[in-house]
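Going line by line, the protein sequences match chains A and B.
Counting from 1, position 261 in the first sequence corresponds to residue 261 in the working numbering; the numbering is continuous, with no gaps.
Counting from 1, position 78 in the second sequence corresponds to residue 78 in the working numbering; the numbering is continuous, with no gaps.
These are computed hints drawn from the structure, not numbers from a lab.
There's no promise every hint is true.
[Unchecked claim] Here are some of the chain A residues that sit facing chain B, going by a computed Cβ distance under 8 Å: (1) Gln-215; (2) Ile-306; (3) Gly-350; (4) Pro-367; (5) Asp-374.
[Stated by the list, open to error] Far from chain A, by Cβ distances over 12 Å, these chain B residues were calculated: (6) Asp-48; (7) Val-53; (8) Trp-58; (9) Asp-81; (10) Ser-126; (11) Glu-150; (12) Thr-155; (13) Gly-181; (14) Leu-190; (15) Thr-220; (16) Arg-245.
This one's a predicted model, so the numbers in the text were calculated from it and none came from an experiment.
Positions of the beta carbon are idealized from the N, C-alpha and C atoms, including for glycine.
The lines below spell out each chain.
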Amino acid sequence: MSRLGLATAAAAVALFAAAGTIRADSQDYELVERGRYVAVAADCVACHSVPGGKPYAGGVRLDTPFGALVAPNITPDRETGIGAWTEDDLRRALHEGIGRGGKRLYPAMPYPAYTKMTDEDVRALWAYLTTLEPVNNAVDVNQLPFPFDIRLSMAGWNLLNFEPGRFRPDPRKTEEWNRGAYLVEALGHCGTCHTPKTALGADEDDRALEGANLQAWYAPAITTDTRTGIGGWSKEQLVAYLKTGANHATIASGPMAEEIRNSSSKMTDADLAAMATYLLDQPPPGGEAPARLAADDGRMRAGGAIYQDSCAACHGGDGAGQTHLFPTLAGSGVVQADDPATLIRLVLEGSRGVATDARPTAPAMPPLGWRLSDEQVAAVVTYIRNAWDNAARPVSAADVGKVRRAVAAR
Amino acid sequence: MSSPHPFHTSRRQFLASTAMGLVALAASGAKARTLFGTGLPWDAGAADPPERVPPGPWTVFTPREGELVEAIVERLIPADDLSVSGKDAGCAVFIDRQLAGHYGDSSRLYMQGPFQPGLPTQGDQSDLTPVAKYRHGLKALDEHCRRTMEGKGFTDLTPEQKDALLTDMEKDAVAFDGPVGSGSFFSLILQNTMEGFFADPIYGGNRDMVSWRMIGFPGTRYDYRDHVLKHNQTYPLPPVAIGGRGDWAMATGR
Numbered sequence: 001m002s003r004l005g006l007a008t009a010a011a012a013v014a015l016f017a018a019a020g021t022i023r024a025d026s027q028d029y030e031l032v033e034r035g036r037y038v039a040v041a042a043d044c045v046a047c048h049s050v051p052g053g054k055p056y057a058g059g060v061r062l063d064t065p066f067g068a069l070v071a072p073n074i075t076p077d078r079e080t081g082i083g084a085w086t087e088d089d090l091r092r093a094l095h096e097g098i099g100r101g102g103k104r105l106y107p108a109m110p111y112p113a114y115t116k117m118t119d120e121d122v123r124a125l126w127a128y129l130t131t132l133e134p135v136n137n138a139v140d141v142n143q144l145p146f147p148f149d150i151r152l153s154m155a156g157w158n159l160l161n162f163e164p165g166r167f168r169p170d171p172r173k174t175e176e177w178n179r180g181a182y183l184v185e186a187l188g189h190c191g192t193c194h195t196p197k198t199a200l201g202a203d204e205d206d207r208a209l210e211g212a213n214l215q216a217w218y219a220p221a222i223t224t225d226t227r228t229g230i231g232g233w234s235k236e237q238l239v240a241y242l243k244t245g246a247n248h249a250t251i252a253s254g255p256m257a258e259e260i261r262n263s264s265s266k267m268t269d270a271d272l273a274a275m276a277t278y279l280l281d282q283p284p285p286g287g288e289a290p291a292r293l294a295a296d297d298g299r300m301r302a303g304g305a306i307y308q309d310s311c312a313a314c315h316g317g318d319g320a321g322q323t324h325l326f327p328t329l330a331g332s333g334v335v336q337a338d339d340p341a342t343l344i345r346l347v348l349e350g351s352r353g354v355a356t357d358a359r360p361t362a363p364a365m366p367p368l369g370w371r372l373s374d375e376q377v378a379a380v381v382t383y384i385r386n387a388w389d390n391a392a393r394p395v396s397a398a399d400v401g402k403v404r405r406a407v408a409a410r
Numbered sequence: 001m002s003s004p005h006p007f008h009t010s011r012r013q014f015l016a017s018t019a020m021g022l023v024a025l026a027a028s029g030a031k032a033r034t035l036f037g038t039g040l041p042w043d044a045g046a047a048d049p050p051e052r053v054p055p056g057p058w059t060v061f062t063p064r065e066g067e068l069v070e071a072i073v074e075r076l077i078p079a080d081d082l083s084v085s086g087k088d089a090g091c092a093v094f095i096d097r098q099l100a101g102h103y104g105d106s107s108r109l110y111m112q113g114p115f116q117p118g119l120p121t122q123g124d125q126s127d128l129t130p131v132a133k134y135r136h137g138l139k140a141l142d143e144h145c146r147r148t149m150e151g152k153g154f155t156d157l158t159p160e161q162k163d164a165l166l167t168d169m170e171k172d173a174v175a176f177d178g179p180v181g182s183g184s185f186f187s188l189i190l191q192n193t194m195e196g197f198f199a200d201p202i203y204g205g206n207r208d209m210v211s212w213r214m215i216g217f218p219g220t221r222y223d224y225r226d227h228v229l230k231h232n233q234t235y236p237l238p239p240v241a242i243g244g245r246g247d248w249a250m251a252t253g254r
């Protein structure tokens, strides 16, 4: 037998072995593959894995306003994962927020969004999860203080805040629009970060996607407001952002960088276009822009000097930045957000953009918190928010101190 | 013209083909790699900024040594229509604070000997730390003055007398008692005075960026794209230091 023949035979054996494994784990390759895509679009890995750890083996700590929760192990390990679960257990967890054995889940698990998932997607996701390698990793999920550690309290919460039910397409809209709505509202659960929360931690439904503060980041508005939202972006620009992490104006960083790396950069172009179609078709939320600060305001003067010396080299005297390298500040939603937490944080500790296959550079911004006092950060941030055609409420040194302490505590 | 021996490989051809092979190997090894920006070091909030020197009294010098150094730097950089004096720019403070750190005790240098004179091109071969050199040099200078200038210390001399003495020291023509010669002591303090005058104000000298304003140095600016094409025009921006500049402070009111 020739050498080539040997190699071919070896490859064939390997192929057989691989095919055998798949058959053993699941009935249906297409279903598993669809489930894998559902898991990507739902970004399960974001919470259910630690960076550098085994995927889906649990372990990310979520700091909620009520205390800490740790995402559980969802590999099919019988002892520490969901190996003892059935497909119906998963369905009930996603659709009703009730785990195996009637255990109430906390809405840090976004079941208020996943309740809209179709039965087919749940079935596919279950098929995929069963093919994962079981990892024995016990996770202490519930680290909430009393009384929030009592899971039954979630029954009352659900009564007040939770509306179970599958996604209902709008027959007046196109199929693409409805696919986008499903991805945004159900799988993508964009509102989990981007929708403001009530005192009870539930979505403020009448302010959907208007921006929210969590884990010392402000997830900016993704409404069609042209000042604070993404109303000025075209469909192509929004798709480019979700696919590559960067577009004409900005580069994703912070938790959105993780989302893009794990989830939206791996979604199909058609799905991203559907999400953009839906998001950009929403009516703008209204509300008036605050009056711009006068150029001779003391904060604008000091902030302008700091900007010229510390920021303009990259972001430009005109705030235009440089596409794919330095984000545009003029007209930016993050810059003009009502809550300046993200902007302050970027100035204090710098930032690194996301690296994707399409844009692997991941440009970074150096921290300035060592160089600027709280007053100086407040001045430069106030300046950026009111320079060019920007308009947003001024930022105080106390605002900066709050973010500085929150970042230092992490 | 064809080669008489088609299969004969000359030495030159052999070397060339070997080199080509190596290049090909290297290229094939590099081809499959994608470099991601996230592989480069970056940590949120990570910075290793210089510490602003503490204000207040001398940290290394005795009061008398401080007086002597101030008197010397005031003559090395006298106040004139270009700038304030080296003393008023903080050069003595700069030297004192530098001597308090690893420069002063040579803790980052090999100091175990053997110590040999060496050639001038081999640089400083002394077993003395800069702190010791200042202590010996300043003491020798003051003693020399008291011995030869009717009992006056260096600080009691007229500016002309100081300049004459410093000029002689520069020529190594003053007999100093102790292990530090007048010439090497002069070059040490001249070097440190210039460093203090031109270094960032965060280190104690160059007060209010006085030397940078004098020579038109723009300081810690990062980028000049807005000005690159403005030929034959004066650069308009003031210098900026690591600690910022005066305009960063909020004006009174509002």
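Do the hints match the structure? See the list:
1. Gln-215: Violated, about 13 Å.
2. Ile-306: OK, holds: Ile-306/A within 8 Å of chain B, min 5 Å.
3. Gly-350: Holds, because the Cβ-Cβ distance from Gly-350/A to chain B comes to roughly 6 Å (cut-off 8 Å).
4. Pro-367: holds (5 Å)
5. Asp-374: violated (12 Å)
6. Asp-48: violated (9 Å)
7. Val-53: holds (16 Å)
8. Trp-58: holds (28 Å)
9. Asp-81: The claim stands: Asp-81/B keeps its Cβ more than 12 Å from every Cβ of chain A (closest is about 28 Å).
10. Ser-126: Holds: least Cβ distance 37 Å, greater than 12 Å.
11. Glu-150: holds (53 Å)
12. Thr-155: holds (39 Å)
13. Gly-181: Since the minimum Cβ distance to chain A is about 43 Å, Gly-181/B lies beyond 12 Å and the statement holds.
14. Leu-190: holds (32 Å)
15. Thr-220: For Thr-220/B, whose nearest Cβ neighbour in chain A is about 8 Å away, the distance does not exceed 12 Å, so it is violated.
16. Arg-245: violated (7 Å)
In this structure, the earlier hints numbered 1, 5, 6, 15, 16 are contradicted, and the remaining ones agree with it.
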